[in-house]
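Q: Spelled out, the chains give:
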Amino acid sequence: MSMTVEALEELKEREYQWGFVTDIEADTVPPGLNEDIIRLISAKKNEPEWLLEWRLKAYRHWLTMEEPRWPNVLYPPIDYQKIIYYSAPKPKKVLASLDEVDPEMLTTFAKLGIPLEEQKRLTGVAVDAVFDSVSVATTFKEALAEKGIIFCSFSEAVQNHPELVKQYLGSVVPYSDNYYATLNSAVFTDGSFCYIPKGVRCPMELSTYFRINAENTGQFERTLIVAEEGSYVSYLEGCTAPRRDENQLHAAVVELVALDNAQIKYSTVQNWYPGDKEGRGGIYNFVTKRGKCAGVNSKISWTQVETGSAITWKYPSVLLMGDNSVGEFYSVAVTNNRQQADTGTKMIHFGKNTRSTIVSKGISAGQGQNTYRGLVKVLKSAEGARNFSQCDSLLMGDRCGAHTFPYIEVRNPTARVEHEASTSKIGEDQIFYCNQRGISTEDAVSMIVNGFCKEVFRELPMEFAVEAQKLLGISLEGSVG
Amino acid sequence: MLEIKNLHARVAEKEILRGLSLTVKPGEVHAIMGPNGSGKSTLANVLAGREAFEVTAGEVTYRGQDLLGMDPEERAREGIFMAFQYPVEIPGVSNTYFLKAAVNAIRKHRGEQELDAMDFLQLIREKAKLVKLEQSLLNRPVNEGFSGGEKKRNEIFQMAVLDPRLAILDETDSGLDIDALRIVADGVNSLRGPDRAIIVVTHYQRLLNFIVPDYVHVLVDGRIVKSGGKELALELEAKGYTWIEQDLAGAAPVRA
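Going down the list, the protein sequences come from chains Z and H. FYI, my numbering numbers position 75 of the first sequence as 1250, with every residue one higher than the one before it. FYI, my numbering numbers position 96 of the second sequence as 103, with every residue one higher than the one before it.
If we strip away everything but chain H, and leave its shape as in the complex, we get (with noise of 0.2 Å):
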């Protein structure tokens, strides 16, 4: 579904990703962990498009197309997600009003046909149930007001509703609390499918505690420095991330 080759990015003249390549198949979960600074926002913030992220070298295909020749709304349309950090507001504009020109743009690109608002306020109110989101929140203008947990809540409720083939879920453990954690959690476990692929981008080992990747990567410098099954996360969070550092470090005579 998504292959990453020797991707090398900056940001503001600062070269942030140095060669990082990652394969990911459908159905698949995918941690990408990583002490602050290492490139994993950068990462997920490359996926999607966003213009302040310069792509400088590497080659991204996602489903045999050309991941970085496409404009951010084309990828959203192609079926990738990406649940923010730090989600924006938008005042004014009600959830519902926004998720229902989401929807659209996505069916029509997909020659599908737009939703008409019964159909669409029966899909919402389904939705909203996976990660209890109260029914007030949807006509609340987006994210204004929203707690931190209401927010976060709020972006997996998208993805819900918007059902995409990727979905890259950057740092979404942050600012939660252990019982919006587990809700969290559970909307985007009941979001798992043979179909779509997950990637979770998280500095702590909680989140997996809860959502069980099939492959955990430790991201260092932008690189990928160590790759393994879901007992690598356990064992970042016994030993800390200085012990691939120093390991990294160990290592470099022989790499040279």
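One chain only, chain Z, in its complex shape (with noise of 0.2 Å):
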């Protein structure tokens, strides 16, 4: 009897192998929202008094806004009354080292394949680790405060770099901006906070990994990365989810802002909760991602693999505003059983000679519903513009859809721009092909899957492209048959 209860559990492991939810005391308000509660997440972060008017000013904006409805994907409608908005693990002693940390926070982190200790020593990757909404680890930072980077949660950053957020905080996504990010504006909790001075390449990556821990706990992360005159940074974002049956909101603000010379790469894989094969659950993900391309020559590079979560709707873009700036957009974006995602991004051309690229790999299987939406924009003044898309969408089976909204507003006479687009389906005759040569189906889809990906999955670093062509054989696992 309990060897079938054992059974049933690993089984029921392995649908969503980081379905598991920590027991951790959590400090948490009242369901809701309105200006209390927002006073109050600002007193508990003891912020100054320019962040809470900024705060309440998003709030008051929010107010007037009504949610949007023209993304290609559906739901029942969000209680924002009932989403609790400030979650965090009881404030202990200061902690000097990892010994100091929570036992059970370093095993959660350990299922998700993160040993904070092993990651410090073998890879040389420094983890701001965001467990709900505060930082709870923070490592290399010293070896990263040498050159001067400032690489740590956004708390501590509005704690000891005032001047430096409040210079660029909503600089590239103003608080109102649209629906979501207004409210991230007014509520949100945690985040990072990266600072790489003039001329320094930033040694290693930077990488953070989110998890949402607290029951309904509507997450807002707030990211802001500024890169100096001539310096360079890599940027990954990883983030898996304990599985639940509510649904759950995660609001997202990221800023990069590139000045003269100066170069983002900003990598992330995102494996929220899908939800199960009916459509229950699972996390909604809208997500505002923008960088600001400000100086001459700087470049921003998005690259993403979407797997996760219920609903996407996702446009990391970029302002082209210095001259010769470019942007990049490489992304892959799965949907399996009930997922919808819509999702691609927006090249705004303002400076001369300004370059843009977009590879977009859709793949629909089961009942999902891909939508790829992205705008090319080149403004009077981006004279010698160019750009170019690329568009593929990859079918599995016959009930999923893929969507494709290119919007092309061109301003400029001198400007080039390129769109290709495919829809293709993993065909009888591939997957046959490779039976005959002794491949599995399993192996042979996942392996013409990972084809279709690859001129995304080459742009992401090493380490974060094995973890993708898991995420993705394991998205797809029973697709076909």
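Be careful, since some hints might not be right.
[To be verified] Derived SDA-like pairs: lysine to any residue, alpha-carbon spacing no greater than 20 Å straight-line:
#1 K1629(Z) / T103(H)
#2 K1521(Z) / E1634(Z)
#3 K1629(Z) / S101(H)
#4 K1600(Z) / E151(H)
#5 K1600(Z) / G152(H)
#6 K1629(Z) / E96(H)
#7 K1600(Z) / E96(H)
#8 K1629(Z) / L145(H)
#9 K107(H) / D1618(Z)
#10 K1629(Z) / P148(H)
#11 K107(H) / V1641(Z)
#12 K1629(Z) / P98(H)
Calculated from the structure, these hints are not laboratory results. Keep in mind the model is a prediction, meaning the values are calculated, not measured.
From these two lone chains plus the hints, build me the complex, please.
A: Pasting the structure below:
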């Protein structure tokens, strides 16, 4: 009997490998949103007056806004008054090393495959682990500090570098930008802050792992990365979330600023809980990510592998202000079972000779719906601007859907804009060809899909690429048979 | 090695094979010839296990096992190789990566150790020479942007690497010019051996000038109607398939 139970448990685990909830005392505010809650969040975080004012301005603006209905996704209305807007592990004494971190938390990281000390030692990746909304462990700080790099939680940045936060917060995504970004501006609890000083090349990939961990807690992350003149940084963002039945809203904002000759490479592997086969549960991932190539010859590159979430609504974009600046967007989005994704990018060309590249690979399986939505806009001032876009869709089975909405607006006659698109199906003949060489159907599908995504995967840092390939395999398991 | 008895098969409700029987022993090369629509490719696909081809009657024994009960990948791992008439393209998957997955799937099945990168590279370099396959094609995606001749050479190259017990060449000569034909045939001939059987499916006698078969079978309407030595191919070339068909028509009353 107990064997059976165990076997069942094991099966359940396998369905969503990272579905577990850690038992940690949370410091939680009552559900609902009003000015008092915002004041409470701000007070708990000991924020300066200007930041509270900014939050309140955002909140008041949010009250006048309506939830967008244009995305090609369907979901029941969200009751924003049922969401808990703040939850933090209870503050304990200040920690000097990892040994002092709650062992249960460390176990959680181990389950996620992120043994911090191992990572520290072996991979040279500095990890700012955001656990729920408050950072609990930050590593490699000293090595970074030597170069003058600031890499810390957003709250710490507010305390220690208020002038930088004040200068750049909302400079790329204004508080009034869109429904979810505005909500985030009002209630964001934590996130990451990164500042690379002039002429510095960040010696390691900066990496943050996010994890939602309190029931019904909306996750409102805020990330701000500033790359000063001539600097370079590669930033990795990866996340998994525990399984649960209630829908969870994830409305993050990421702002990137690249000054003259600076480069920011931002890579994401997103694996939030996608919901079960019938579409119950799963994360609503409504994210605003935008970078500003403020300086000449600057470059911002987004690479994303989106396999999780019940609904993904996300358009990592680049404002190409500086002359000769470059924007890139490489994306793989997978929708299986009942997942829905409406994702793409916006490349807005302001500066002269600005260039942008868009490579989007959408994979639909089960009853998944995958939409690419992209905007390439060339303003009058953008003499000699160039864009190349490629949007490919791969369908598995006959109940899924792929949709493409490319918007192109060109106001300068010297601009050159190219768009290519294709839709293909994993063919029975491709699978048979692999089978005939001894390769199992499962391996064949994984091989064909990874081949399809190759142009995107090669943009990912090595260790991330491996993880992405594995994730893709897991996400599509059993979708061809 | 292979014993086919009274095989009936259909595709999309249409019966193509109607009682085909054939015995193939190790070391032998059999040519299956026949006019268009006679069931040559169907036979090749049925042996390889393609799902769209439904076996309705008969049995096939391969090395003492019931072949028809095996999945396509199982058959491949047991040493059956088919050189495709129209090899498919797999974008983004390099030829090398693809073959390594295949080689190791087969080795694993045989209880052998998987080849490491160095040994594998050495193996494919050596085999690539057999069919004069350019090294650059090894790193290109499987068949993508290959010319017709390159695709066929790639098939024989794969055969050389995978070292099958039974190879089925499905119209390997189609679309090849004489030089390419010679290269492909040379490759196949170098792979002839006492332990390996080869079935060559072809419409034309031309290929058989280069790959000289031990037996020639003529397939008409899903049955083998005539078998003989390599001379039969020459006779067919001279007289055409209508000769056999007329012959059959003439013989029909007697057979009935």
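Q: Each hint should be assessed against the structure and marked as holding or not.
A: Structure-based check of each hint:
1. K1629(Z) / T103(H): Judged against 20 Å, a Cα distance of about 15 Å means the pair holds.
2. K1521(Z) / E1634(Z): holds, 19 Å
3. K1629(Z) / S101(H): holds, 10 Å
4. K1600(Z) / E151(H): Holds: K1600(Z) and E151(H) sit about 16 Å apart, inside 20 Å.
5. K1600(Z) / G152(H): Given that 20 Å is the threshold and the Cα spacing comes to 19 Å, the pair holds.
6. K1629(Z) / E96(H): Given pair K1629(Z), E96(H) holds - Cα atoms ~15 Å apart, limit 20 Å.
7. K1600(Z) / E96(H): Holds - the C-alpha atoms of E96(H) and K1600(Z) are around 13 Å apart, at most 20 Å.
8. K1629(Z) / L145(H): holds, 17 Å
9. K107(H) / D1618(Z): holds, 12 Å
10. K1629(Z) / P148(H): holds, 11 Å
11. K107(H) / V1641(Z): Answer holds: K107(H) to V1641(Z) is near 18 Å, not above 20 Å.
12. K1629(Z) / P98(H): holds, 9 Å
Going through the hint list in order, the structure satisfies each hint without exception.
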